[in-house]
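Enquirer: The residues making up each chain are set out below.
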Amino acid sequence: MKIKLDPRTKLYMIFIVSAVVMMSATTPFLWAVRILMTVIPIILLMCNKRYASAIRFLFLYAVALVLTFTCITEDSKGIFMAFLVGYCAIIVQFAPAMITAWYVVKTTKIDEFVSSMQKMHVPDGITISLAVVMRFFPTIKEEYAAISDAMKMRGIRFGGGNAVKMMEFRMIPLLFSCVNIGDELSAAAVTRGLGGKVKRSSIVDLKFKVQDYLLIIAFTAVLAVFIYNKYFMK
Amino acid sequence: MDNTLTNNDNIISINKVCQQYKGAESESLKKVSLNIKKGETLLLCGASGSGKTSLIRLINGLVPHYYKGEMTGEVTVAGKDISKTELYDLAGIVGTVFQNPRSQFFSVDTDGEIVFGPENIGLEPSEIKKRKEDIVQKMNIENLLERSLFDLSGGEKQRIACASVAALLPEIILLDEPSSNLDIDAIENLRDIIIGWKNEGKTIIISEHRLWYVKDLVDRVLYVKNGHISHEWTKEEFNNLPKEEIEYYKLRPLNIRTDYFHLLSEDKNSDSIDNNANIGLGLEDKDSVILRDFYFSYTNKTYVFFKKKFKESDGSFLQLNIPELRLPKGKVIGVIGHNGTGKSTFLRCLCGLESNCKGTIEIDGKEYKGSQRINLSYMVMQDVNHQLFTDSVKAEVMLSNKDLSEEICLDILNSLGLLDYKDQHPMALSGGQKQRVAIASAMAAGANLLLFDEPTSGLDYSHMEKVGELLKELASMGKTVLVSTHDSELIETCCDHTLFIEKGRAVSLEKV
Chain A
1 MKIKLDPRTK LYMIFIVSAV VMMSATTPFL WAVRILMTVI PIILLMCNKR
51 YASAIRFLFL YAVALVLTFT CITEDSKGIF MAFLVGYCAI IVQFAPAMIT
101 AWYVVKTTKI DEFVSSMQKM HVPDGITISL AVVMRFFPTI KEEYAAISDA
151 MKMRGIRFGG GNAVKMMEFR MIPLLFSCVN IGDELSAAAV TRGLGGKVKR
201 SSIVDLKFKV QDYLLIIAFT AVLAVFIYNK YFMK
Chain B
1 MDNTLTNNDN IISINKVCQQ YKGAESESLK KVSLNIKKGE TLLLCGASGS
51 GKTSLIRLIN GLVPHYYKGE MTGEVTVAGK DISKTELYDL AGIVGTVFQN
101 PRSQFFSVDT DGEIVFGPEN IGLEPSEIKK RKEDIVQKMN IENLLERSLF
151 DLSGGEKQRI ACASVAALLP EIILLDEPSS NLDIDAIENL RDIIIGWKNE
201 GKTIIISEHR LWYVKDLVDR VLYVKNGHIS HEWTKEEFNN LPKEEIEYYK
251 LRPLNIRTDY FHLLSEDKNS DSIDNNANIG LGLEDKDSVI LRDFYFSYTN
301 KTYVFFKKKF KESDGSFLQL NIPELRLPKG KVIGVIGHNG TGKSTFLRCL
351 CGLESNCKGT IEIDGKEYKG SQRINLSYMV MQDVNHQLFT DSVKAEVMLS
401 NKDLSEEICL DILNSLGLLD YKDQHPMALS GGQKQRVAIA SAMAAGANLL
451 LFDEPTSGLD YSHMEKVGEL LKELASMGKT VLVSTHDSEL IETCCDHTLF
501 IEKGRAVSLE KV
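Chains as they are written, first to last, in this note's numbering: chain A, 1 to 234; chain B, 1 to 512.
Source of the hints: derived by calculation from the structure; they are not laboratory data.
Backbone N, C-alpha and C define an ideal beta-carbon position, used for all residues, glycine too.
Take the hints with a grain of salt, since some may be wrong.
[Unchecked claim] Across the chosen pairs, the derived CB separations fall in these ranges:
#, chain 1, residue 1, chain 2, residue 2, range
1, B, Glu312, A, Met134, 39 to 45 Å
2, A, Val105, B, Glu245, 54 to 60 Å
3, A, Thr70, B, Glu362, 55 to 61 Å
4, B, Asp420, A, Gly86, 55 to 61 Å
5, B, Ile408, A, Gly86, 51 to 57 Å
Let the sequences and hints guide you as you build the complete structure.
Expert: Here it is, written out as structure tokens:
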């Protein structure tokens, strides 16, 4: 079963989850809500056939959670325990945001994203620049790999040499090629009408469906519960 | 005066245009005048830097709107004065296919790319979908839909680029060296696309170094030199130009010698190449570079604790499968084959970039394994910008070998004609000079096996010739040179042998 969400729903999810991870869970009920909120994006990942990453996240989160509740008490002492407490706390606290962001990035196409931004009346200037940034990541990755190969061939390696030089060797060719590609890219884009005065249309037809409404309600509820507990309960 | 031009069916008219880019030392176009009729197909030829690209940019408006500079004269395209027309208003009129498929895509997937133009000019979604279906059907690219642009081969990328330009239904189509990164099959494909456009009555202007595939498509040929149009031929005149004249103009030949590629055009069925042919010209040990056990695949075999070694018996799973191969030492060997059949993989494995490939190289009775291969060999990459790291040519060479004395360094630079540039920044040099800096650092590192990945793609005839001579010179110094190429003219200029690779196997090694 494949669940396809509207990009606006996804953005809303990110927004809520990042707000909630900044508030701490104090009662068992809040913990339950928080865990539920984390499980939702994992399930969504599975629905999009991203089993490997879903299982990895689930495992990571579950282990951190179990450790937090069982092994770590107020009397925990020693360096090892200090590290363990630190790691587990960070994972338990921030994994929800990480997983949601991963899900959104992996399942949203650029044109869907652009079209949803347009529907929300975000100015084209912002939308297009964000789209270009997303378009550029794979390019940077390709260029970076090519430069790494070249360095390997020249026998330039980390260790031995100094770190500043290493950065320089990597960054200079990378910057050069990214600037060149960016320049050619925008020249090609303007010859195909980018930046015109007419309103850009989109063949991506975005509509909220049942699953979008359900998720929006669920996440709003989560936020409401946390806010109520933080500010209105004494 | 301009108003009359549209009446006598000139769709493009360029009137006494001079143009100089900002920061350039001289004019790129000098008083160019040109009229093009509707439905004409035009070929622009001439050396790199002669002004072909600037001419193309005049017509699509990138000059003066995107690339700034000084410009005088008038350009009228389809009745519009270019200098007063915004670029986005030209989008539905002029379409441009650029040279580098890597940098002309705005989307990351093929579908998004085809509809990008129509979306920009705000067409109705239903109309866009209709256009997309039309184009896809016409260009026969169903199999490329819903793919990531980063996974496509050069030829496939260029087809998507053509489709996305055609989706705007422009009357005028410009192609700026479209075949630079393509193999012969992909060029044939491009040719079919151009024929299709021609039959639709579009006005087509092609700037190109490779002439054989366009020579019978064009109505007129313009020779551009130093910023002006110095010659003009009709199709008949051009096709009958004597060989000497073609050479005089430093143009690439009108006919390619297909015999190097006879294996390319034959449809080999996969059975016949399942077994590695016993090739190697019967070379003695001392005259040869012996490669053994080159097996490689980009996907790993499933493993539990340790990666499994690749073996010959893995058969079709492997992207490279060469149990033993003898290459003649001190020669220039052209590595040929289709796009995506393992030429680059072969070179990458050979120079040790793929550490999962456990092949060994034997030269003069000495065997090189694993990372020793990196020291033995050096690859000059297609985009040479990636392998220049320092701020001066001399430092670049010294970087390869810390123990190198300054004398030897200068010697190497001298032998490559780079001595005058020793204190310049490598990035400030021309493409050919950069290539030579990379070669210089390879020589400083003491590499005996020099590998070149498509060194002449997009080069004009005289630059290609220079690269060819350089390769020959390297071979005469005793280096073994392997060059992967689609360029039959390069093979003719410099290669002693051709090695044909198909589906990761070395199929034949022939003398040129």
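Enquirer: For every hint, state whether the structure bears it out.
Expert: Hint check results:
no.: 1; hint: B/Glu312 to A/Met134: 39 to 45 Å; in the structure: holds, 43 Å
no.: 2; hint: A/Val105 to B/Glu245: 54 to 60 Å; in the structure: holds, 58 Å
no.: 3; hint: A/Thr70 to B/Glu362: 55 to 61 Å; in the structure: holds, 60 Å
no.: 4; hint: B/Asp420 to A/Gly86: 55 to 61 Å; in the structure: holds, 59 Å
no.: 5; hint: B/Ile408 to A/Gly86: 51 to 57 Å; in the structure: holds, 54 Å
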